[in-house]
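The opening residue of the sequence shown carries number 0 in numbering that gives the first Met the number 0; numbering runs sequentially from there.
Any given hint could turn out to be false.
[Stated by the list, open to error] Taking lysine-lysine pairs in the DSS-like style, the calculated list, with each CA pair at most 25 Å apart, reads:
#1 LYS318 - LYS202
#2 LYS202 - LYS237
#3 LYS111 - LYS302
[Unchecked claim] Simulated DEER-style distance windows between Cβ atoms:
#4 GLU245 - SER449: 50 to 56 Å
#5 TRP39 - SER267: 39 to 45 Å
#6 GLU100 - LYS218: 56 to 62 Å
#7 GLU220 - ASN97: 35 to 41 Å
#8 ALA174 - SER120: 37 to 43 Å
#9 GLN266 - GLN381: 49 to 55 Å
#10 LEU391 - SER267: 41 to 47 Å
#11 ARG447 - ASN97: 45 to 51 Å
#12 TRP173 - LYS140: 20 to 26 Å
#13 TRP388 - GLU157: 26 to 32 Å
#14 GLU185 - ASN323: 32 to 38 Å
If you are wondering where the hints come from, they were derived from the structure by calculation, not from laboratory data.
Idealized CB from N, CA, C, for every residue including glycine.
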Amino acid sequence: MPKNTVFKYLKYTRIVNLFFVFFLFLWFIQTTQAQENVIWNSQSHNSSESMPVGGGDIGLNLWVEKGEVYLYLSRSGTFDENNTLLKLGRIKLKFSSNPFEGKTFKQELVLKDGYAQINGSNIQIKVWVDVFNPVIYLDIKSNQKITTEASYESWRYEDRITKGKENNQNSYKWAPQGIVKTAKDEIAFKNNVVQFYHQNKAKTVFDVTVKQQGLEDRKAELFNPLKNLVFGGSMQGKNMIPAGNEDGTYLNTPFKSWKLKSKSPSQSQEITIALNTSKADIQNWEQELKAVKINSNQKSSIKWWNDYWQRSFVYIDSKDESANQSSKNYQLFRYMLGCNAFGKYPTKFNGGLFTYDPQLTDSTLKYTPDFRNWGGGTHTAQNQRLVYWPMLKSGDFEMMKPQFDFYLDLLKNAEIRTKAAWGHNGASFTEQLENFGLPNPAEYGWKRPSDFNKGMEYNAWLEYEWDTVLEFCMMILETERYAGTNIEKYIPLIESSLNFFKEHYTYLAKQRGAKALDANGHLVLYPGSAAETYKMAYNSNATIAALKTVLERLIQHPTL
C-alpha cells in the first residue's frame with residue numbers, strides 16, 4: 000500500500016474512532032440521565048411529597064393529591080416589605096371526569112430535558128418552564144374530551160399578622176418592632192385572565208434598619224432593593240373563562256381561589272402562567288407583563304438543559320445502592336440549582352426555590368407556605384459558600400454570577416456604612432447580611448449600650464466577623480483561573496473588601512497607642528473572630544489565611 004494511502008487510511012480511522020467515542024459519550028449521558036429520572040407510580044399525600052420543576056429563575060413544587068394537580072410557584076427576588084421571599088401562589092388543576100381514579104398513574108421528572116410529565120388513565124400533563132422567558136406551561140392532552148378547571152389559590156388574600164417563630168421568615172426574626180404584617184396581594188379577573196401581584200408598601204424593613212443603624216443622613220445614597228418592588232403574574236388558558244371564587248383550607252392555611260374553566264370539553268388544553276418582577280407603578284408593571292413572550296416551542300429550553308447535563312455528571316453503577324444513590328443525589332441537586340441559573344438573586348441555602356408547608360417538617364410550625372427558617376432577604380455567608388464553591392468543579396461558572404453580583408450590588412452600601420461608623424475607607428460586609436448590604440437588624444441588636452459603636456453588631460456570635468466576603472472574592476478570582484472569565488467589574492469589590500482590613504485594624508491600633516503596626520511592620524488583627532465561635536481572637540488564622548490567599552491571587556491579575 001502506498002505511503003500516502005496508509006496516512007489517509009490512518010486519518011480516516013482516527014476520525015471514525017473519535018466519532019464513535021463521541022457517539023458513545025452522548026449515548027452514555029442520555030442513558031445515565033434516563034436512569035436518574037425520578038418516577039412515581041402513586042399520588043402524593045401532601046406538598047412534602049412534591050417534585051421540583053423549573054428553569055431560568057423559576058421553581059415549582061409539583062404533586063398530585065386526591066386526583067388534583069398542584070403547583071407552588073416561586074421565583075428569585077420576590078421580597079416583600081419585611082424581606083420574606085414570598086411564593087407567587089398555588090395552582091390547582093381539576094378535571095372531569097377524573098383521570099386519576101383508575102390504577103394508572105405515573106409522574107416523572109425528565110432530567111435530560113428539564114420538565115415533568117404526569118400520566119393518568121386517559122391524560123398526559125406536561126409541566127415545563129421556559130428557561131429564557133418567565134413563563135410556566137401546563138400542556139394537557141387526553142384521548143377523550145374532558146373539562147379542565149384551573150384555580151389560582153392564594154393565602155395572601157388579606158393582610159396577615161406574623162407572630163413568634165413565624166417571623167423567622169423575614170428580617171425581623173425574634174425581635175419584631177411592633178406588629179409585623181404580610182400585606183395582602185391584589186388578585187382579580189381581567190377579562191379571561193387571573194392577574195395577581197404583590198406591591199411593596201412605602202415603608203419596609205430597609206427603612207427600619209437604616210434608622211436603627213444610624214444611617215438616616217445617608218439614606219438617599221443607599222441601594223434599596225425593596226422600594227417600589229412589584230411581583231406577580233397572570234394565569235390564562237386557551238378557550239378558558241372565569242368560573243368564580245372559592246374559599247378553602249390547605250393543611251392549616253386558609254386560602255381563596257380564582258377559577259378558570261374550559262368553555263367546552265376538549266382533548267387538549269394549554270394553560271400558561273406568565274410572571275413579571277420590576278420596580279414600576281402598576282400600569283407599567285401590567286404593560287411589562289403583557290409584553291412577556293409566550294411561545295409554546297420548548298426546543299430552546301430543552302437544548303439548554305441538554306447542554307447543562309453535558310458539562311458535569313456523576314454516574315455510579317454499583318451493587319451498593321448507597322453508592323448509586325449518591326450519584327442520583329448529585330444529578331437531582333444540580334437540577335434544582337439549574338432552575339435558578341439566571342436568577343436575579345443567588346440560590347438560598349435554606350430551600351432555594353423549593354420550600355413547602357413548614358408543618359410537614361415540624362408539626363409546631365403551622366404557618367403558610369411562605370415560611371422558611373433563616374429568612375428570605377438575609378444572606379448567611381458561611382452557608383451560601385457551600386452552595387457555590389462546588390460550581391467551580393462542575394463548570395457552572397455562569398450560575399455563580401447571581402452570587403457575585405449580590406455582593407457587587409451592595410458594595411457602595413458597605414462602604415457607606417464603614418465611612419459613617421469609623422470614618423475610614425473599605426467595605427465592611429458582615430456574616431448575616433441583608434440584601435441591601437446592612438447587618439440583619441435582629442443580629443445587629445436592638446438592646447445595645449448607648450455608647451456602643453454604630454458599625455458593630457452587638458452579638459456574641461457575629462461581632463468582628465468581617466472575613467466571610469473573602470471566600471466569595473476568591474471564588475471570583477477562581478472563575479478567571481478556571482474559565483478565563485473577565486472579572487474586571489468585580490476588582491473594585493475585591494480591593495475594597497481587602498482594604499477594609501488594612502484601614503480598620505490600623506484605625507483600631509491607633510486608638511490603642513502611637514503605632515499602627517507591630518514590631519515586624521505587620522497589622523495586628525485584634526480584636527478578631529475565628530469563624531463565629533472564637534471571639535476576641537488575636538490574629539485569627541482564618542482571617543490571615545483569607546487575606547493572604549486572596550491578596551496573592553489578586554496581585555497576579557494582569558491589570559494590577
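* Hint says 20 to 26 Å; check whether the CB-CB distance for TRP173 and LYS140 agrees. => Violated, at about 50 Å.
* To do: Starting from the hint 41 to 47 Å, judge whether the C-beta atoms of LEU391 and SER267 obey it.
  => holds (44 Å)
* Is 39 to 45 Å a correct range for the gap between the Cβ atoms of TRP39 and SER267? -> The hinted range 39 to 45 Å is violated for TRP39 and SER267, with Cβ atoms some 24 Å apart.
* To do: State, for the Cβ atoms of GLU185 and ASN323, whether the hinted interval 32 to 38 Å holds or is violated.
  => Violated, since GLU185 and ASN323 (Cβ atoms, about 48 Å apart) do not stay within the stated range.
* Asked: So does GLN266 sit 49 to 55 Å from GLN381, Cβ to Cβ?
  -> Taking Cβ atoms as reference, GLN266 and GLN381 lie about 53 Å apart, which means the hint holds.
* To do: Starting from the hint 50 to 56 Å, judge whether the C-beta atoms of GLU245 and SER449 obey it.
  => Roughly 55 Å apart at Cβ, these two residues keep to the hinted range, so it holds.
* Measuring from beta carbon to beta carbon, are ALA174 and SER120 in 37 to 43 Å? -> violated (54 Å)
* CB of TRP388 to CB of GLU157, is that within 26 to 32 Å? -> Roughly 43 Å apart at Cβ, these two residues miss the hinted range, so it is violated.
* Asked: Are the Cα positions of LYS111 and LYS302 separated by 25 Å at most?
  -> holds (9 Å)
* Starting from the range 35 to 41 Å, see whether the pair GLU220 and ASN97 falls in it by beta-carbon distance. => Given range 35 to 41 Å: violated, Cβ gap about 59 Å.
* 25 Å limit on alpha-carbon distance, applied to hinted pair LYS318 and LYS202 -> Violated - the C-alpha atoms of LYS202 and LYS318 are around 59 Å apart, more than 25 Å.
* **Assessment of proposed distance window 45 to 51 Å (beta carbons of ARG447, ASN97)** => Taking Cβ atoms as reference, ARG447 and ASN97 lie about 60 Å apart, which means the hint is violated.
When held up to the earlier numbered hints, the structure conflicts with 1, 2, 5, 7, 8, 11, 12, 13 and 14 and fits the remainder.
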